[in-house]
Amino acid sequence: MFPPHRFSRRGQMAHKFFTRHFARHFGMLALVLLLALPVLAQKTSPKPNDREMDRVQAMITQAKKEAEQFSKAGGKPDDANHPNLKWVATFWRYRLKHPGTPATVVATTQALTLLNRSDRISELQARADTLNLNDPAWEQVINVLLFASIKTKDYSYLLTKAEALTQSAVDPKIKARARFNIGEAYWKKGDAKQARIAFQTVVDQYPNTSYAEDAEGNVREIDFLNVGQPAPQFDRTTIKGDPLSLANFKGKIVVLKFWGTY
Amino acid sequence: MVGISLDEDLKPLQEMVTSKGISWPQVWDGDETVRKLFNVKGTPSYYLLDRDGKIAAKDLPSFKKLSGAIDDLLKKP
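Those sequence lines, one after another, are chains A and B. Heads up: the first sequence at position 237 corresponds to 237 in this note's numbering, and the numbers run straight through without jumps. Heads up: the second sequence at position 8 corresponds to 270 in this note's numbering, and the numbers run straight through without jumps.
In isolation and in its complexed conformation, chain B is listed as follows (with noise of 0.2 Å):
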């Protein structure tokens, strides 16, 4: 899992990712790069990436759909 946040300042981003103890690592787009590649149009907004690299699902609005993804991934060799 990475985290980008789309957050403008960067400040309540360190302090959310302090304070809730998230460990995967997190990219501050504050300049909406990432966000303008993937063009992501809300948040919150799921890519899901195979072993190759490759999308493997996208617009994934919520974590439930998120999670099916993951586990029809997961079932491939």
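Extracted from the complex, chain A is given alone in its bound form (with noise of 0.2 Å):
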């Protein structure tokens, strides 16, 4: 390291017993910090998992701005420069590179939303079509093809692929989603009686779930609250300290503004 003229004999000693010493000791050391790494990064930083879907999400905001910035200067969502196909690309990429995480799910519900957003239902469906039955994205994933079918008011594949899903899918939630969705295609299409069906399916065989719960709703909707059936009856206090019944406004037409102030 240095030129030895630099050092008296002492100092050489010195020098001598520094570098044995330390070097034992900063081997200790390095072993010590080796092994604690893992620890202090655990807690310092965020797992792997959080740190793939920050990156996603960064990829989700990116894709907005450029959506944005290109409608604002004049682009139509179904221009074939549009960057949601870029970004359908790249998030799709990211799911080919990192199957089978959280963030894997985000990106893939996210290609396939850009897809219904510019109206590319055949591409849509195609890709969807690649996922194995088993895909976690799923749960997602039929929700979007859902909106498609709304949107295009063909609920065919949406039901094909949502019977299959109820049939092959191992997750009891993403069965759930599949015969809820089932429910809203055929409410959706006027036909209630099959609507009722699915909904009352998801409450017997997936209790406990928030899908029991909206499906539950749902079949009390389809009975009970039809245009012409007599409104339910409710009586509560208003935030002034007044007392409240719907009885008492028999004879007027009243308005029920549901809202909230966020």
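Everything labelled a hint here was simulated from the structure, so no lab data went into it. Hints may contain errors.
Here are the computed lysine to aspartate or glutamate pairs in the EDC-like style, where the Cα-Cα straight-line distance is at most 16 Å [said to hold, decoys possible]:
| hint | chain 1 | residue 1 | chain 2 | residue 2 |
| --- | --- | --- | --- | --- |
| 1 | B | K298 | A | D214 |
| 2 | B | K303 | A | E216 |
| 3 | A | K250 | B | D314 |
| 4 | A | K86 | A | E66 |
| 5 | B | K316 | A | D214 |
| 6 | A | K252 | B | D269 |
| 7 | B | K303 | A | E213 |
| 8 | B | K320 | A | D223 |
| 9 | A | K65 | A | D50 |
| 10 | A | K173 | A | D235 |
| 11 | B | K298 | A | D223 |
| 12 | A | K252 | B | D321 |
This structure is a prediction, so every number in the text was calculated from the model and none was measured.
Hints are included, so try docking the two chains, each in its own frame, into the full complex.
Set out below in structure tokens:
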């Protein structure tokens, strides 16, 4: 390291002592650090899954920004140069590179959502077809397919896929969501009878899930909340402390406004 | 008009009702009982009830749609 003439003999001895002991202690120190590093890393930096999720979220933000700029400049949603299409490819590449992670579920859903937004329904369906029925992304993807089918008023693909998922998916949450969306599709089609059957199946087969709770509400709506049926009665106190009973409004036209300050 | 607020907290609701001078009665539905009773899935959402307390219109996502439905109802005897 340093030329030896710069050391006195004592200095050289001291140097030897230092290097020997330092090397030994440094070795120990390095070993301790090495062992502690994974623990320290876990405490100070986010887990890989979180980091990947942040990365995908950043991609979504960027994609949104570019889409806004494009439409501000006069670009149309179905334009072949729309940045959404570039991002579909980016999200899909991410999907293929990182199979089976929570961030990949988000990336997959985003790719298909962008295709729906760009009205590329046949490409959306073709990409959805490449997903194995056990893919965890299905819980979200089956929703994208529902939105697309509502938009096009063509429910055949959604119904076929959702039926296949209720048969073959392993995750009960995906089966429940698929069955729920079958109900939504029939309801939108105007077939309340088939819709009710699907919602009731969700209630019976997947109890204690949020889908069962929503499905129960929909069954009740199909049964009791149709135009011409008497509105459900309720007695509450207003925020000013006055009693309010819906029954007291008889003879008046009433608007119930469900809202929130958020 | 009856307002049914699905706010989680009462305070922002009280503040907005005061600051905007909202005159119609407000019910705070923090426990979601009224929301569930009418199976409301999002806000804002309107139900229109006729003079007999029957549902005249629902799934009205905008004030414009609502006022059209009110006009129709007022034309009826």
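Inset, instruction - Would you list, in rising numerical order, the hints stated earlier that this structure does not obey? - result: Structure breaks hints 5, 6, 9, 10, 12.
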